[in-house]
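S.K.: Sequences and hints are given; from them, build the entire structure.
Mind the numbering: the sequence shown is residues 919 to 1197 in the numbering used here, read in order.
Simulated from the structure, these hints should not be mistaken for laboratory data.
Model, not experiment: these values are computed from the prediction.
All C-beta atoms, glycine included, are put in the ideal place defined by N, C-alpha and C.
The reader is advised that the hints may include incorrect statements.
Unchecked claim - Cβ-Cβ distance ranges computed for the label pairs, FRET-style:
(1) ILE1051 <-> SER958: 47 to 55 angstroms
(2) LEU1021 <-> LEU1069: 17 to 25 angstroms
(3) PHE994 <-> TRP1161: 20 to 28 angstroms
(4) TRP984 <-> ALA1031: 43 to 51 angstroms
(5) SER958 <-> GLN1183: 40 to 48 angstroms
(6) VAL1175 <-> THR976: 22 to 30 angstroms
(7) ASP1096 <-> LYS981: 58 to 66 angstroms
(8) GLY1102 <-> LYS981: 47 to 55 angstroms
(9) ILE1037 <-> GLU1100: 23 to 31 angstroms
(10) LEU1177 <-> THR976: 20 to 28 angstroms
(11) ILE982 <-> GLY1025: 38 to 46 angstroms
(12) LYS929 <-> PRO959: 46 to 54 angstroms
(13) GLN1183 <-> LEU1055: 47 to 55 angstroms
(14) MET1038 <-> THR1005: 43 to 51 angstroms
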Amino acid sequence: MQVKSQNQTQKTIILYLVLGAIAFFMLFPLLWLIGTSLKSPTENIFAFPPQLIPTQPTLENFKIVWQTYPFGRYLFNSIFVAILTVTFNLLFCSLAAYPLARLKFRGREITFALIVSTIMIPFQIVMIPLYIITVQLGLRNTYLGVIFPSLASAFGIFLLRQAFQGVPKELEEAARIDGCSELGLWWHVMIPAIRPALVTLAIFVFIGSWSDFLWPLIVLDRPEYYTLPLGVATLTGTFSLDWRLIAAGSVISIAPVLLLFIFVQRYIIPTDTGSGVKG
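M.R.: Below, the structure written as structure tokens:
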């Protein structure tokens, strides 16, 4: 029995070592980026083997980047655009997914199939029509113009529809007996029941909006509306590929996403929607 326990412990240790090595390999670019942003001009950032921990760490790179360009404005623009994008996505996708999951009407399955099929259409195909519509609506160089293509998504509708279908029918029937309207049922019963799916969608939408570069580059030409990806792109020409400063700007850009995931990951858990249902 003791030998079997020792073998199990050895297998567990080996498994953790393998997983730790894979995790380090996956995180190596991020660690190199952070280490480069903290290095002084006298350190070689391309040394081999790579030196992840700076010998003379400094925050001067962040100071130079922050003072040279209005990164505070870029940060505000990105946060504002991402929050609006997430809000509209959760609202519109949940409103579209609820009838597709819980209501019966003619053409429901065909409508859902057509919506999901749009996932296969590359953004580059619809980019020009979207730009023309954006210009005709007078949304160029505006926050609404940046979030216009992301007001809703087929992936979000698909994800929330699957979540709505997992809610027990007994909860819906009990709410209807209590006189709950269709909109009240959606808001008071269905939305709380699919909270993990909403949080998951919010994270995906936030990351996509935060890191989006192509559409803001097309629809914006006024620097006061630039988001962080555009701001980081301007560092390339300004500092003639000074990787320390570019790394500092990149760290500023990715830090909010990491913080968001750290704070909301505990909400990505299944809810006990069926715990009060007898079956």
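S.K.: Range hint 17 to 25 angstroms: satisfied by the CB atoms of LEU1021 and LEU1069?
M.R.: Hint holds: Cβ distance 22 angstroms, inside 17 to 25 angstroms.
S.K.: Given the hint of 47 to 55 angstroms, is the C-beta distance from GLY1102 to LYS981 inside that range or not?
M.R.: holds (53 angstroms)
S.K.: Between LEU1177 and THR976, does the C-beta distance stay in 20 to 28 angstroms?
M.R.: holds (23 angstroms)
S.K.: Is the hinted range of 40 to 48 angstroms satisfied by the C-beta distance from SER958 to GLN1183?
M.R.: Taking Cβ atoms as reference, SER958 and GLN1183 lie about 34 angstroms apart, which means the hint is violated.
S.K.: Would you say the C-beta atoms of ASP1096 and LYS981 sit inside 58 to 66 angstroms of each other?
M.R.: holds (59 angstroms)
S.K.: Please test the hint of 43 to 51 angstroms on the beta carbon pair from TRP984 and ALA1031.
M.R.: Hint holds: Cβ distance 49 angstroms, inside 43 to 51 angstroms.
S.K.: For ILE982 and GLY1025, compare the CB-CB distance with the range 38 to 46 angstroms and indicate the outcome.
M.R.: For ILE982 and GLY1025 the Cβ distance comes to about 59 angstroms; the hint is violated.
S.K.: Does 23 to 31 angstroms hold as the CB distance between ILE1037 and GLU1100, or does it fail?
M.R.: holds (28 angstroms)
S.K.: Honestly, do MET1038 and THR1005 meet the 43 to 51 angstroms range at C-beta?
M.R.: Check failed, 27 angstroms falls outside 43 to 51 angstroms.
S.K.: Could you check the hint for me, namely that VAL1175 and THR976 are 22 to 30 angstroms apart, CB to CB?
M.R.: holds (24 angstroms)
S.K.: Confirm or reject the claim that ILE1051 and SER958 have a C-beta distance inside 47 to 55 angstroms.
M.R.: holds (49 angstroms)
S.K.: Please test the hint of 20 to 28 angstroms on the beta carbon pair from PHE994 and TRP1161.
M.R.: Hint holds: Cβ distance 26 angstroms, inside 20 to 28 angstroms.
Hints 5, 11, 13, 14 from the list above are not met by this structure, while the remaining hints are.
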